[in-house]
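S.K.: Each chain, written out:
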Amino acid sequence: MGPNPKMRKEFPDSTRSSPFPDEVLERVLSLLKSHKDRSAVSLVCKDWYNAESWSRAHVFIGNCYSVSPEIVARRFPRVKSVTLKGKPRFSDFNLVPENWGADVHPWLAVFVAKYPFLEELRLKRMAVSDESLEFLALNFPNFKVLSLLSCDGFSTDGLAAIATHCKNLTQLDIQENGIDDKSGSWLSCFPENFTSLEVLNFANLNTDVNFDALERLVSRCKSLNVLKANKSISLEHLQRLLVCAPQLIELGTGSFMPELTARQYAELENSFIQLKNLNTLSGLWEASAPYLPVLYPACTNLTFLNLSYAFLQSLELESLLCHCPHLQRLWVLDTVGDKGLEAVGSNCPLLEELRVFPADPFDEEVIHGVTEAGFLAVSYGCRRLHYVLYFCRQMTNAAVATIVQNCPDFTHFRLCIMNPGQPDYLTNEPMDEAFGAVVRTCTKLQRLSVSGLLTDLTFEYIGQYAKNLETLSVAFAGSSDRGMQCMLEGCPKLRKLEIRDCPFGNAALLSGLEKYESMRSLWMSACNVTMSGCRLLAREMPRLNVEVMKDDGSDESQADKVYVYRSVVGPRRDAPPCVLNLSGL
Amino acid sequence: MQGVFSGGGSGGSVCMSTVSMEDNVVMSSEDSSSPDEGELELGLGLSLGGATGFKGSGPRGCQQYARILTAKDLPSKVSSSSSSSTTSPSSSTLSRAIATAGTKRTADSVSASNGAASQVVGWPPIRSHRMHIMVNQAKSQVTEEFSSMNKRKNAVEEKVGNKNINTDNTKARTSLFVKVNMDGTLIGRKVDLNAHGCYETLAQALENMFLRTTKTVNMARLSTPEHKIMIDAKRHSQLLGGSSEFVLTYEDKDGDWMLVGDVPWGMFTSSVKRLRIMRTSEATGLGK
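Each protein sequence line maps, in turn, to chains A and B.
Quick note: the first sequence, position 17, residue 17 per UniProt numbering, numbers continuous.
Quick note: the second sequence, position 129, residue 129 per UniProt numbering, numbers continuous.
Next comes chain B alone, as it looks inside the complex (with noise of 0.2 Å):
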């Protein structure tokens, strides 16, 4: 199903600030086995031109390239819809001013499809346009409000779904927006996969927006196109200076973490839920 509405959740997730768990269990349950020294390891270049390819289990100083982890060295199975049955403060807070309220009515005839307590109709006041061009669409769940107007605002944007998939015009195309976070960095993010026809250019597009000083920002505003290009490539050899201090990885539609680069581009696209940089140091295994 595609499109968020006003009200509804992404992926069955409460709309309030509850702390979701599913960070801490992939940052904390780290596997505790490390990879084989002669494991095959797919690298994938945040650097302009940087090619996957495969890299043997050399000493990690002098390369340009992020250090992909695979599936192994993941916990496997991260559930990601187990049952937003988490409650912070706030939540809390909530429920208490819904009971008040005498809206539980509201929220009990929301939340049935979908067990969230604390999900509230048509709250924050958000027009249904601007959900639809925020949201990720191809990969938030639906949550079904009272009104069939939501129903039909479904058909529509199924619809139109397909019939950009199945254009011959070449410039039409969805837009496959997934989040993307990166440890020590607040901000998230998010990038449009169908943008991206490949992990280089996507690596790129990433690196653009998490890696960035003002610096870069000011060279780039005063360049012409062509020397932009060669900047890029400077700067990222300057930025990663030789040690891939980050991974880059992805949830797929099971909620496991995968390693970015593993698979083709299109396997990859249609299985991927989001993307985390993860600080290298802070992902499990490659020998070090």
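Chain A on its own, in the form it takes in the complex (with noise of 0.2 Å):
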């Protein structure tokens, strides 16, 4: 794992600005983490972009269309982790098709050659195939970290590569994909001499896995520290997996359908007991009140705790939150009510994070879920949240108003009235002045998600007061091309904007012509904008991609889905027949 031969441009002294040899430097910017301060650091001046790129260990790169691998390995020519983000995030919803592009394949191309010690990869939203899976294990000996999230295009057999190829594979994260799940039988593929595996998250994966294999897998691994199982891990299993892993940090368990006798109960118990060092804990298929005590004794240092697959009602959830004094994240689903959400209120004041995700969201038959009450009475009882997912059916905005007095420190406001341009319930008024108090309260606010029935006067909040907004999801909402306009003539740092079922139109579109450039990427879809105003664009700004999309059976002269994102490298070569490419026209 040698260096590359370093490269040496050389300078004259007096237009050296900085006073130490370039190792030095390089030394001193390797402590640097965080991608945002690297590239603020890479600006100052040509020695410190060239010894910046040469001790970048970790590229991120956040749109896979704005830049090309090759010039990547060019600029960063010793980066051994990478981390990559393809389709629009709106693909999560099904707003784009399957075949849309964001192959990883031609990354990992360039990859073998450039940075053949590679050892981390992280996709999301990548289209990766069993080949690309193959290629990347038989070809990247010192890999050590895959991670999956929202891909799709692979399936099991693609694991099974990993798992029998990778020999000093320590992570193995596959969350949330579109796999064609054929069977568990990869991950008997780990060979029995292999022993480095520090996490293993398969819990979305549905298909059933050898639990023998799985059981000496874990007991071989002696550094598995976050093990995520999938359902098919019964109770039984759990008990014995934990009794091989005591030293479990983040533990999914796999279902907890209650089938144990009294003896095996004590026996689940115990291993429990056992696990000092949890501090994350998920999965919980099937979990109902009589078994829940067995996670008692392994909450006290619980700071993560995702409930998100379990049914449970409000009293069960005060029972297990009693357990877990230093709750900071929490997911839940719906069914536990507004009166769990007390009990959050109640039982959790460190809690920083909360998503409450809907049970049921397209069952209109019967009233239930949580309302402003459970939002309410978590507000007033943690006062430290600053992240919000929330899934309702009602809001007032006397409400949200309260909410964020309460909680001024929002960096995350992500609220989800289900039923599209719903008011508030209570005065029949549209929603907007609740996002006016979210955006003039949270002055930390990074990213927001409006619903509910809204007017341009949202948006005008918006622009004039969110400043430090990032990221702004809109659906169902606005009144006008105005609308669209405030967000984009004021929110200074916006990156991301993604739109659907607006009546926003050309003028709205073209009057962010300057700022798409300073932006990662513009989602616009079911708007009113038209294949001309997208074609304008494109022509105004050669340095923007702009891909149109139609529906079948539209108009020809609608464009129905517009994505616009800035890109170095210009219109991409691999857009499929249904992604109209406008730039370079």
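Rather than coming from a laboratory, the hints here were simulated on the basis of the structure.
Hints may be right or wrong, so weigh each one.
Unchecked claim - Okay, the calculated beta carbon distance ranges per label pair:
(1) S557/A to K253/B: 43 to 49 Å
(2) K253/B to D574/A: 44 to 50 Å
(3) G266/B to L149/A: 51 to 57 Å
For every residue, glycine included, the Cβ atom is placed at its ideal position computed from N, Cα and C.
Dock chain one against chain two, each of which comes alone in its own frame, and use the hints as you go.
M.R.: Below is the structure:
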């Protein structure tokens, strides 16, 4: 694993701004981890640019089409770890066709030549094939960390290749992917002499793995500290795994279906007592009240509890939370109701993040879930709350105003009132004042998702007050082009803007001409933008890629889905037929 | 078809808050005829150890079993697949919003398959993998979205489902979540029928879900597993207090409402769509 030979650029002394030799500067800069800091540092002068380039070990590429792998490799010769993001976020909600692109393979083809000692690859919303996974496993002997989040195009065969060939693997993290889950036999492919695993997350895979193989794997990997199993692992299995790995820091249980004998129950309780270092707990499929107490001994140091797969009610949640005094992050289903959230407010004073997911997002028959009351209750008890994702069916302006008064430190405020265009249910007014209160009060706000009935006033507020806002999601909102204009004219730090089903047209789109190059991307779907508006944008801004996708049967002039992003490599050449590239025309 | 994807609705129903007519139909159009006194009644024991068995049509007072109505007592052919043409104010707001926003095209292209005009692709914004987990996979109908990604995911779901059924591993099974609602309770629950092999454990599980009090939760916490079982039994008799206040019914594939307990368990699980714990007073029928 030797370093690449260095290409020294000689500068006459008079132009050297730095009195340090390059090696010292590199050493100092190598302590910088944040890629934003590194980008800033690289702009100081040519020496610093070079030193930063040589010392960068981890590169983060937020949009795989903004740059090419060749350019990345040319600038950063010593990279060991790459994070790549591909498709627009709305692909998570089926708004992007399957063959859209973001194939990782062209990147691997360059990495095999330029970064043969690559150790870590983290992919989000990329298209990954089994061939690519096998290519990765066979060609990178130092490969250690693979993380696939929301990717698709591969099957468990690809995972088998990774397990078989990556002798130095420390992390395998497979989350929420569109994976062809053929069989669980991939897990049996880890060789018997393989012991380096530290992180194993296969919670979202559906097929059964061979439990004996898993048990042996967990036993021999003494450094394993994160284990997130899937539903095929029963409670009985879990008990045996915990006995092998009491050192676990993060645990995702398998199925929590109650099916143990009394003796087995006692054994399971004991195993949880042994988990002294646990700070994260998830899984808990089919968990129910009689068995939750088994977790209590392990909850003392818990900081992150993910109950979003457990259909718990308020009492069950309350009983559990009594034992989690240090909880900082909590994910739940809305089956816990407002009463459950009251329990959160009462028991979790250190809570910083709350996500409430809907158990039945499409069920209109019964009034259930959470309301503004639950959110309010949390805000009174959890003053440190700064991250919220909240799905509900009713909300009021007054409640939101009170919530942000209680918790002014919000950095991420994602409120989803599930019925599009729904007003304040008490006053019948738009929810403008709610989000006005959010942006006025929460000066550190970085991410905002709005919902409910909203007029342009909401966006006036956002443009005026949201000085630190970077990511904004808008759906079924606004009254006219002015709404979008306000967002684009304000919000100096805006990087990602995603809009769907809003009455914003060409005038709005074109008002952001100056803005888009300072942003990562813009998504607009089901708005009033036309092809000619997009063409004009593409013509005026040659360094933007303007891509349009049309829906079946739509008007010829309508630009149904528009994706605009800055790029230094021009229009991409791998676009499928459904993606129209308007740039460079 | 298995799985429901974001933007799709279950059973072709609208995904916004429209009121379903199904429940009203069941509750309001009660059959006025009363059952035969000598009719066979199957009792579904809601207490531990309660066996299904025949009971005479004697006084209800001291029974600990929930009375089960036979299908005759309930209106038949409750059409659950009637087109969801009912619109609530919020739904028409949505329609207006959609029209204003120019999304008619999107809505149309999605709704072609099921006629529900207010279905919206990708809304609420919940990732597909969460949808798979939460929704009763075997019972929902998939709405065909425009994306072929969904077709592949459907294939994955079906493959996975079949595979689990065929596997030797006794621990492995598909989940069969059905919704359960109880009269008077706002919050519906879901129960995994495949986690139970018989009516008794199902009844117990439902009672745990719907008829528990804080006191019993605390008691459960403090006791050992052996004691738990005894406490449960005591609790059951307390709560039911000898009067069967509720009956357990289910809606089958054809939309009929049936008593739980009539048919063999396997037949039941293959035809059940959802459960309802009805107040006996509201359920028609058996002689008072």
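S.K.: Using the C-beta atoms of G266/B and L149/A, is the stated range 51 to 57 Å upheld?
M.R.: Since the Cβ atoms of G266/B and L149/A sit about 40 Å apart, the hinted range of 51 to 57 Å is violated.
S.K.: For the range 43 to 49 Å, tell me whether the beta carbons of S557/A and K253/B fit it or not.
M.R.: holds (46 Å)
S.K.: Taking the beta carbons of K253/B and D574/A, is their distance inside 44 to 50 Å?
M.R.: holds (46 Å)
Comparing the model with each earlier hint shows a violation of hint 3 alone; every other hint is respected.
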